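Now for the letters of each chain:
Number of protein chains: 2
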Amino acid sequence: MSADAAVRAWAYLSRVAEPPRDDLAALVGRVGPVEAAERIRRGAVDADLARHTEARREIDRAVEDLELLARRGGRLVAPDDDEWPALAFAAFDGTAAAAKPDCRPPMVLWALGPVRLDEAAERATAIVGTRAATAYGELVAADLAAGLAERDVAVVSGGAYGIDGAAHRAALAADGITAAVLAGGIDIPYPAGHSALLHRIAAHGLLVTEYPPGVHPARYRFLTRNRLVAALAGATVVVEAGLRSGAANTAAWARALGRPVAAVPGPVTSSSSAGCHALLRGGADLVTRADEVLELAGRIGELAPDPPRPVTPLDGLSDAERLVYEALPGRGVVTVDQIAVASGLAPAQVFGPLALLEVAGLAERRDGSWGMVRGKR
Amino acid sequence: MSADAAVRAWAYLSRVAEPPRDDLAALVGRVGPVEAAERIRRGAVDADLARHTEARREIDRAVEDLELLARRGGRLVAPDDDEWPALAFAAFDGTAAAAKPDCRPPMVLWALGPVRLDEAAERATAIVGTRAATAYGELVAADLAAGLAERDVAVVSGGAYGIDGAAHRAALAADGITAAVLAGGIDIPYPAGHSALLHRIAAHGLLVTEYPPGVHPARYRFLTRNRLVAALAGATVVVEAGLRSGAANTAAWARALGRPVAAVPGPVTSSSSAGCHALLRGGADLVTRADEVLELAGRIGELAPDPPRPVTPLDGLSDAERLVYEALPGRGVVTVDQIAVASGLAPAQVFGPLALLEVAGLAERRDGSWGMVRGKR
Numbered sequence: 001m002s003a004d005a006a007v008r009a010w011a012y013l014s015r016v017a018e019p020p021r022d023d024l025a026a027l028v029g030r031v032g033p034v035e036a037a038e039r040i041r042r043g044a045v046d047a048d049l050a051r052h053t054e055a056r057r058e059i060d061r062a063v064e065d066l067e068l069l070a071r072r073g074g075r076l077v078a079p080d081d082d083e084w085p086a087l088a089f090a091a092f093d094g095t096a097a098a099a100k101p102d103c104r105p106p107m108v109l110w111a112l113g114p115v116r117l118d119e120a121a122e123r124a125t126a127i128v129g130t131r132a133a134t135a136y137g138e139l140v141a142a143d144l145a146a147g148l149a150e151r152d153v154a155v156v157s158g159g160a161y162g163i164d165g166a167a168h169r170a171a172l173a174a175d176g177i178t179a180a181v182l183a184g185g186i187d188i189p190y191p192a193g194h195s196a197l198l199h200r201i202a203a204h205g206l207l208v209t210e211y212p213p214g215v216h217p218a219r220y221r222f223l224t225r226n227r228l229v230a231a232l233a234g235a236t237v238v239v240e241a242g243l244r245s246g247a248a249n250t251a252a253w254a255r256a257l258g259r260p261v262a263a264v265p266g267p268v269t270s271s272s273s274a275g276c277h278a279l280l281r282g283g284a285d286l287v288t289r290a291d292e293v294l295e296l297a298g299r300i301g302e303l304a305p306d307p308p309r310p311v312t313p314l315d316g317l318s319d320a321e322r323l324v325y326e327a328l329p330g331r332g333v334v335t336v337d338q339i340a341v342a343s344g345l346a347p348a349q350v351f352g353p354l355a356l357l358e359v360a361g362l363a364e365r366r367d368g369s370w371g372m373v374r375g376k377r
Numbered sequence: 001m002s003a004d005a006a007v008r009a010w011a012y013l014s015r016v017a018e019p020p021r022d023d024l025a026a027l028v029g030r031v032g033p034v035e036a037a038e039r040i041r042r043g044a045v046d047a048d049l050a051r052h053t054e055a056r057r058e059i060d061r062a063v064e065d066l067e068l069l070a071r072r073g074g075r076l077v078a079p080d081d082d083e084w085p086a087l088a089f090a091a092f093d094g095t096a097a098a099a100k101p102d103c104r105p106p107m108v109l110w111a112l113g114p115v116r117l118d119e120a121a122e123r124a125t126a127i128v129g130t131r132a133a134t135a136y137g138e139l140v141a142a143d144l145a146a147g148l149a150e151r152d153v154a155v156v157s158g159g160a161y162g163i164d165g166a167a168h169r170a171a172l173a174a175d176g177i178t179a180a181v182l183a184g185g186i187d188i189p190y191p192a193g194h195s196a197l198l199h200r201i202a203a204h205g206l207l208v209t210e211y212p213p214g215v216h217p218a219r220y221r222f223l224t225r226n227r228l229v230a231a232l233a234g235a236t237v238v239v240e241a242g243l244r245s246g247a248a249n250t251a252a253w254a255r256a257l258g259r260p261v262a263a264v265p266g267p268v269t270s271s272s273s274a275g276c277h278a279l280l281r282g283g284a285d286l287v288t289r290a291d292e293v294l295e296l297a298g299r300i301g302e303l304a305p306d307p308p309r310p311v312t313p314l315d316g317l318s319d320a321e322r323l324v325y326e327a328l329p330g331r332g333v334v335t336v337d338q339i340a341v342a343s344g345l346a347p348a349q350v351f352g353p354l355a356l357l358e359v360a361g362l363a364e365r366r367d368g369s370w371g372m373v374r375g376k377r
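Just so you know, the sequences run in chain order A and B. Number 101 in UniProt numbering belongs to position 101 of the first sequence; there are no gaps in the numbering. Number 113 in UniProt numbering belongs to position 113 of the second sequence; there are no gaps in the numbering.
Hint data in this document are derived by calculation from the structure and do not stem from the laboratory. One thing to keep in mind: the hints can contain errors.
[To be verified] Heads up, incomplete: computed chain B residues facing chain A, CB under 7 angstroms, no partners named:
1) G94
2) Y136
3) V140
4) V264
5) P265
6) P267
7) V268
8) H277
9) L280
10) R281
11) L286
12) T288
Owing to the predicted nature of the structure, the values given are computational and were not obtained by experimental measurement. Built from N, CA and C at the ideal position, the CB exists for glycine as well.
Starting from the given sequences, assemble the full structure and let the hints guide the process.
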């Protein structure tokens, strides 16, 4: 089975289900991407998954998509790639899914730009806000982004007009790292007025999306996209937001993921700050400058320069993942059913954790069964 | 012993020690104001109290002060008057004094205006802030004050330029109740540019001060005065403040008194909001409009429209006051020494609580000893 076959399978899988599904991730974890793609194509999967992939299972544009990606100098980042931000995405655990339905990791990511996704996510802050920003909001967004960039913190945002754009621009101007998470294909610059900005981000930073080429942004895709902005950043800062702004949605994802949410205050007479004040009254941290953001972001493990205790690969595992990991034998392999018995979980609950453990390099499939990756314990 | 003699004694005591002293309050509680004044005049008091009253004990301008007060239509409000805000001042307990030295009730208050002090304090909010207010700050202060006045909440402030003045003016304009706590005598309008405003407050609201006529404001008196602004209000709202503003001092008094502190956010680019943002980062509640202030102020017992349990005269007593109260016999009277033994407190620790219990109508002196006020239990 060639590496190309796996990449083509990931590209196919990226389009076949939307939004990402646990059962699909579990299937991929169980049989690998190529076999999973093959089974879906044939409709040889569980009834529920079959129903949710029925509409697209016969669409296979993987070869064309990958050609387009290659022409632009991009790459597909799959869970089994080194560049996959496994630590950041470990926040997609049972707690997150319980807090907010659909708080799931992406199937695979389409990436374009010289910055590695895992490295950007290691030390990143999301700066988000309303498209209807005031001059004050854009000034503060630029100030924060420049301050973070100067402190080697990547600025993650959504590429939109207003606050997002001000943050990306200031990070670029400070020669910092910035990443834009898109709500459509990497070949669809959106908003059109930000084509040049997105081009600069692709040239110096990173454009990333879970949507295959050709997919157009839509309202529900912006909301789904926002979870990736929150997940890739150690903390989310809302600079200006109306009471119904999408930025509040990003803040809600961040909270579900257990990440700090901060907001910048503004005049109480400004409707563009009303969403920030609502967040602050709800417990978000008030920040006024980059140092305060850094202090906040430093609270989460992967961002702290000096973690209080040694970080082990087991840190950040959910309860279920830990149970499954503990159920693996010290040597040799066991079947999924044996893991279910040993962990006390239902077999269906074992697949997701196994997939994540494999992605995290803690478990591996051998001969259709599962074992620990040697030397990790 | 005539009522006039008592009033003259209070006027004398108001000037003889600054700031208020526990031992003087205890002496007054023990022997009454006339005898206490007499003993201080003669120097027949404990060495420490004698030393602290030595400089002024021979100054007796009580008659002139009271004549001046009468000419202006004012009154002296002493702890044994109905108008004394005993409930509000119950916050001056051991906890407050431990949190902040000098967090003591005033000896007596000089008042001018048609509003009763105890009634104003029953439902009041302090609105304070920098003299160097911006147009934004004055607008928000006026907006909050008008909103509170419309909801029958008295607006307490310090009569200063900037935020204070905007709050007083808006409360007056809304036909609401406003009280200005002065840092000097009732006959010394300060700042001079606010003479007309203070005159209007005296005509429609309340001017109040612990300083006798002729005393000029001084920096340390502003700081001491601030504790009365905080104590007379159920909550303190800082609208605009620089990092070293006096408003932060009022907020600190409020915190020592166990009262909610709120702050209004503003642009992070405005140094006049920097003190507010520091307070908010330190745990103050963020408020943007009068309803939110009301919600906050409603949290403290005496402001809640529907207290969750019946309020008894014993509510709000400090531990020491409660111990002393419990040491009083069901009928008959006991000496201070007997109370000390029964309560486990040193005799010197009994005087303060006794004075407060007397003021609160819970204890009374009979034949030189102490008993419960009948029918209160």
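Requested in this report: Go through the numbered hints given earlier and state which of them the structure violates, listing their numbers in rising order.
Outcome: 1
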